[in-house]
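J.: Going down the list, the sequences are from chains A and B.
Position one of the first sequence corresponds to residue 1 (the working numbering), numbered consecutively onward.
Position one of the second sequence corresponds to residue 1 (the working numbering), numbered consecutively onward.
Since the hints were derived computationally from the structure, they do not count as laboratory data.
Please note that a few of the clues may not be correct.
BS3-like mimics (lysine-lysine), calculated; alpha carbons at most 27 Å apart, straight line [unchecked claim]:
1) A:49 - B:96
2) A:34 - B:273
3) B:273 - B:302
4) A:49 - B:273
5) B:459 - B:449
Chain residues, written in single-letter form:
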Amino acid sequence: MKAAEQTLDEILNLAAVHFKVPRENLSPDGDFFKALGIDSLQTLDLLTKLENHFRVELPDYELQGVSDFRTLAERIQARL
Amino acid sequence: MLDLQKYSCLGAALRDALDRFSGETCLIEADRDREKTRLTYSDFKETSLPLARALEDADFDAGDRAAILMTNQSKWLISAYAIFYSGGVLVPLDYKLTATEQLQLLEHSKAKVLVVEYYLWRAIMQSPQFHNIKTGLVLVTEAPLGADLAGGFRWEDFKRKGAPDFVMRQREDVACIVYSSGTGGRPKGCVLTHENYLEQCRALTAWYPFWPGVRYLSILPTNHAIDFMVGFIGPFVCGACVVHLRTLRPEFVRDAFVRYRITYVALVPMIVKNLERGLRAKFDELPSWKRAILNRMIALNKMLTRSRARVKVSRALLPQVHRAFGGDLLALITGGAFMEPSTMQFFYDLGIPVVNGYGLTEAGTALTLNDLKPFRADTVGKPLPGVELRVLNPNEEGIGEIAARSKTVMSHYLDDAELTLETIVDGWLLTGDLGRFDKSGHLQLSGRKKNMIVTEGGKNIYPEDIETVFDGLPLKEYCVFAANYVWPQKELGREMLVMVLRLEQTQRFDSTLLQNIVNLNRRLPDFKRVGGYFIWEKDFPRTASMKIKRQALAEEIRQTVERGAVVGL
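Input sequences plus hints: build the corresponding full structure.
T.: Next comes the structure, spelled out in structure tokens:
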């Protein structure tokens, strides 16, 4: 199983590439809505990319109330 | 469809629909590309009646309240029918609220029963306020085996053999309590009667009927007035089919259009705009010669559909576009928030009419709707049958507050006689929205009189409700406003919340204070967040009881500060 920090790092890299944002602009505790300039619908798109990358199935509700990368990483880590 | 004039309550109409259309498919539920459930009206009846019987055996009586807290799925509708069958009052709660907010509304509604999806119940159980819960019976759907339900029962096991007694209700009896907003401050529980819903359904289906074979894709939350009507009551009393998706991922939504050959779908503007973005991106990828042909076909379609929609012609002219939506789509229904005319026009030009309307929870579902005769992207349509609308105190441009009178207007706000008296005056519902009628009788909205915003996702946000999140901010005082309330616009759109900050006399606005505000703001769901702030140099005007005089403050701000002074958060 991946280490939690590695999961977090991979999420940040993936988000930066997918939404064409410089990686250095993203921080673990940063608000991904603001950092990526996306709305709640586009975060579902991010969830799909993360599923494909980590090969897990993430129900939509795993994103409910989540707005920072660290919490998102914890939710994914729990399913790895 | 059923003749709804004959019915005194939703339960009776639904009961007859289940018998009349017994062999038709009423529900399909899919999770991603996996179909989980497919029920005929007869199956639906067989599934829901044992639940109704179990509720009755648990002393759930006529007029008792039962809340539903679930994402869109078959168990939502099955539970709702069982509640109506037993004469109960349905309280649909918003699954997107926080657990704390859900608990507040649960308490305010005095619901005796809660039907809740497991992941939401898990969050509620972890809430610090959980020990205050007074709901007597909790039914949890899809709970893993052995999961701790804190005294709740598994929904799947909560059924009893034997025919339940059907409990008839009268038209004036309460059918639902729907919260339009007000979780943090003053909950606005709209008390809607059976008459409200039956008449709303009659009016809507008079213009946009359903019939057996029609498939409605249910994406808007069913707790929302629009989906409750066009994703449950409307299709059911007409023998149509509702398709639920357990995910809203764009790729699976797109697949669902094709797989289930969807006829109608209701969407909030945010999703429609997303679809537009996707289509435009696809068009841009086309080689130039294909793009040129597409443009010609779109131009031809525009010409042929100028006076009215001709879906068959449009499908023939632009087959690839229509195949992407399943090939059977008759219209996109939109409402709940401001929709940009250019987006509606984009779809109409492709031969996919966007049926735009205007309504509020207090008035059932919709007050006006576009009848497509002809399509108008610049209005929210004409009043539905049975709806009277007036423009109060119009200015020189004919713009004033919209007031509505109709059998669809709610009875009152739950436990708030004062607010009810302010909102329903001499039988007219004061909407707080500003607009005017054009020469052809179409309503054009131009802004809001009330201090609130409606997000692109269709959520009503009242600034007073979110102020408590900022409690303890180290400054003299603060206040949150809807920007368009302070600086009225001539049209809807550009809605955001702004925070007015009044510092202590010797205090300076520094990065620590800014970070503090940012952190607190992030505790709010993304759609409720404050978008900007500005510093105000005077004390806020207050009443004798120290409440902020918001209207007076807004007027003072309007006269001295420009909207451009707002700094983004």
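J.: Next, verify each hint and record whether it holds.
T.: Going down the list of hints, with the structure as the test:
no., hint, in the structure
1, A:49 - B:96, "23 Å, holds"
2, A:34 - B:273, "19 Å, holds"
3, B:273 - B:302, "20 Å, holds"
4, A:49 - B:273, "21 Å, holds"
5, B:459 - B:449, "17 Å, holds"
Of the numbered hints listed earlier, not one is contradicted by the structure.
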